[in-house]
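**Student:** Sequence:
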Amino acid sequence: VQMLADMKPGFIRFPGGCIVEGYDLSQRYQWKKTIGPIEDRQLLINRWNFEFAHRPTPDYFQTFGLGFFEYFQLAEDIGAAPLPILNCGMACQFNSAELVPLDQLDPYVQDALDLIEFANGDINTTWGKRRAEMGHPAPFNLKFLGIGNENWGPQYVERLKIFTKAIKAKYPEIKLVNSSGTDPDGERFDLLNDELRKMNADIIDEHYYRRPEWFLENASRYDNYDRNGSKIFAGEYAAQSDKTVSIKNKNNWQTAIAEAAFMTGLERNAAVVHMASYAPLFAHSDAWQWTPDLIWVDNLSIVGTANYQIQKLYSVNKGTHTVPALLNNAAIAGQDSLYISAVIDQRTNELIVKIVNTSAIAKDLTFLLNGIKKISPQGSITVVKGDSPEAVNTLGKPNAIVPQTAPLTVKGKKLAITVQPASFSVVQIGMK
4 VQMLADMKPG
14 FIRFPGGCIV
24 EGYDLSQRYQ
34 WKKTIGPIED
44 RQLLINRWNF
54 EFAHRPTPDY
64 FQTFGLGFFE
74 YFQLAEDIGA
84 APLPILNCGM
94 ACQFNSAELV
104 PLDQLDPYVQ
114 DALDLIEFAN
124 GDINTTWGKR
134 RAEMGHPAPF
144 NLKFLGIGNE
154 NWGPQYVERL
164 KIFTKAIKAK
174 YPEIKLVNSS
184 GTDPDGERFD
194 LLNDELRKMN
204 ADIIDEHYYR
214 RPEWFLENAS
224 RYDNYDRNGS
234 KIFAGEYAAQ
244 SDKTVSIKNK
254 NNWQTAIAEA
264 AFMTGLERNA
274 AVVHMASYAP
284 LFAHSDAWQW
294 TPDLIWVDNL
304 SIVGTANYQI
314 QKLYSVNKGT
324 HTVPALLNNA
334 AIAGQDSLYI
344 SAVIDQRTNE
354 LIVKIVNTSA
364 IAKDLTFLLN
374 GIKKISPQGS
384 ITVVKGDSPE
394 AVNTLGKPNA
404 IVPQTAPLTV
414 KGKKLAITVQ
424 PASFSVVQIG
434 MK
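Position in the sequence shown (from 1) plus 3 gives the number in our numbering.
Derived by calculation from the structure, the hints in this document are not laboratory data.
Predicted model, so just to flag it, every value in this text is computed and none were measured.
Yeah, the Cβ is synthetic: ideal placement off N, Cα and C, and Gly gets one too.
There could be a bad hint or two in this list.
[As the list claims (entries may be wrong)] Pairwise CB distance ranges (calculated):
| # | residue 1 | residue 2 | range |
| --- | --- | --- | --- |
| 1 | THR60 | ILE305 | 39 to 47 Å |
| 2 | HIS57 | ASN231 | 18 to 26 Å |
| 3 | LYS400 | GLY138 | 16 to 24 Å |
| 4 | ALA56 | PRO392 | 28 to 36 Å |
| 5 | ALA409 | ASN203 | 46 to 54 Å |
| 6 | ASP390 | ASN231 | 29 to 37 Å |
[Unchecked claim] Below, a list of computed lysine-lysine pairs in the DSBU-like style, where the Cα atoms sit at most 30 Å apart:
| # | residue 1 | residue 2 |
| --- | --- | --- |
| 7 | LYS35 | LYS168 |
| 8 | LYS246 | LYS168 |
| 9 | LYS173 | LYS35 |
| 10 | LYS173 | LYS253 |
| 11 | LYS321 | LYS178 |
| 12 | LYS36 | LYS146 |
| 13 | LYS132 | LYS36 |
| 14 | LYS251 | LYS171 |
| 15 | LYS132 | LYS171 |
| 16 | LYS251 | LYS201 |
| 17 | LYS251 | LYS435 |
| 18 | LYS164 | LYS435 |
| 19 | LYS201 | LYS173 |
| 20 | LYS146 | LYS171 |
| 21 | LYS251 | LYS178 |
| 22 | LYS173 | LYS321 |
| 23 | LYS376 | LYS366 |
| 24 | LYS36 | LYS201 |
| 25 | LYS234 | LYS435 |
| 26 | LYS376 | LYS400 |
| 27 | LYS400 | LYS416 |
| 28 | LYS146 | LYS164 |
| 29 | LYS234 | LYS164 |
| 30 | LYS132 | LYS173 |
| 31 | LYS201 | LYS11 |
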């Protein structure tokens, strides 16, 4: 949890993922069954228990030791906004694909309304009182709520409309996160992208588990998205060193630097991309079922992967406003193997430039710092890189890939630096 807190996340999406849906609806995640005395919480099989024949996990159950009350507390403790994801009346469409008839959907909608009341309601309300009795009379200030996970098709749209109408009628301030399916392209995606925009969806959740090459090729994905339409949540993503769901996937440097390059596009398009989160977050070295994962643990130790180092550097250097970083009047998204984004942080009065060099050779770069009145002559550069594309951090060698920080000098309004081969650099310069 400390490693999670060290990232200074803006939000925590919980509980995920496909366990929200369940193999069938009897196995769906139900938030009301996860609060109250821990010893009274009913054990439930995890949907991933039997999902992959190549990686059986017969002991994979949910005890709900960390339920929704603890989740809200965790988010509050580390300064992150909670982003709960609720079942929309659909079981996993890769499994039973069970559907709740539309005329029987009311209990599911009521669960969503009750969760908002549990998080935000006055102590005189039914669920606000329950929260207060559990020791937290103050509201948790819930602002976001996800309806469904990776659901697709017309059946999702018709259920989503019912949820949206009911929630917006009572809680118009809540921003709803809506699924765009399992992939960032194709027929399912195109249908939902069109339908959700017709609905004026608050936030559209896009997921992508693809090869590193895809991430490099899609660094400009959001450059031409409508600035006045629905916002985007990159809700689940991770570069795959092998094919998706392969047990051979590694959290190696090749995947990490590809994600770093892609994230310059997320940051550059912050006017559209409202949130982003790597997934999955945690895995146990003796009880994992999916790889890659951001943070690995055993019973005694923990390691942040190369991908973790990238995520942390982005998260702690978010800034407050984007500024253009241009080469020949174009965003730098692959030209000469470079990917660059820039922000200013008005809280610390800094310019922060993120630079990804995916080539095997060093690059000598000169930045003209136009539009900034005064620049500090001293700054810093933090660099993270692997010895090879296959380099990884492990529980035995957790520091093979870690950031190194050094001072740098700025002469006037010119910044001249050399970026190392296959590296990610974060430059920080004070603005007087």
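**Student:** Next, verify each hint and record whether it holds.
**Tutor:** Evaluated hints:
1. THR60 - ILE305: 39 to 47 Å: violated (21 Å)
2. HIS57 - ASN231: 18 to 26 Å: 45 Å Cβ-Cβ, so the 18 to 26 Å window is violated.
3. LYS400 - GLY138: 16 to 24 Å: Check failed, 42 Å falls outside 16 to 24 Å.
4. ALA56 - PRO392: 28 to 36 Å: holds (30 Å)
5. ALA409 - ASN203: 46 to 54 Å: holds (48 Å)
6. ASP390 - ASN231: 29 to 37 Å: This hint is violated: roughly 45 Å between Cβ atoms.
7. LYS35 - LYS168: holds (22 Å)
8. LYS246 - LYS168: With Cα atoms ~39 Å apart, LYS246 and LYS168 exceed 30 Å; violated.
9. LYS173 - LYS35: Between LYS173 and LYS35 the Cα gap is close to 20 Å, so the pair holds against 30 Å.
10. LYS173 - LYS253: Violated, because 45 Å separates the two Cα atoms, which is more than 30 Å.
11. LYS321 - LYS178: holds (22 Å)
12. LYS36 - LYS146: holds (22 Å)
13. LYS132 - LYS36: Status holds; Cα separation ~17 Å.
14. LYS251 - LYS171: violated (44 Å)
15. LYS132 - LYS171: Holds. LYS132 to LYS171 sits at ~23 Å (cutoff 30 Å).
16. LYS251 - LYS201: The given pair, whose Cα atoms are some 41 Å apart, is violated under the 30 Å limit.
17. LYS251 - LYS435: violated (49 Å)
18. LYS164 - LYS435: It is violated: about 50 Å lies between the C-alpha atoms, which goes past 30 Å.
19. LYS201 - LYS173: Holds. LYS201 to LYS173 sits at ~21 Å (cutoff 30 Å).
20. LYS146 - LYS171: holds (12 Å)
21. LYS251 - LYS178: At roughly 38 Å apart (the allowed maximum being 30 Å), LYS178 and LYS251 break the hint.
22. LYS173 - LYS321: violated (33 Å)
23. LYS376 - LYS366: holds (27 Å)
24. LYS36 - LYS201: violated (35 Å)
25. LYS234 - LYS435: violated (34 Å)
26. LYS376 - LYS400: violated (45 Å)
27. LYS400 - LYS416: violated (41 Å)
28. LYS146 - LYS164: holds (19 Å)
29. LYS234 - LYS164: Holds, at about 18 Å.
30. LYS132 - LYS173: holds (19 Å)
31. LYS201 - LYS11: violated (34 Å)
In this structure, the hints that do not hold are numbers 1, 2, 3, 6, 8, 10, 14, 16, 17, 18, 21, 22, 24, 25, 26, 27, 31, in rising order.
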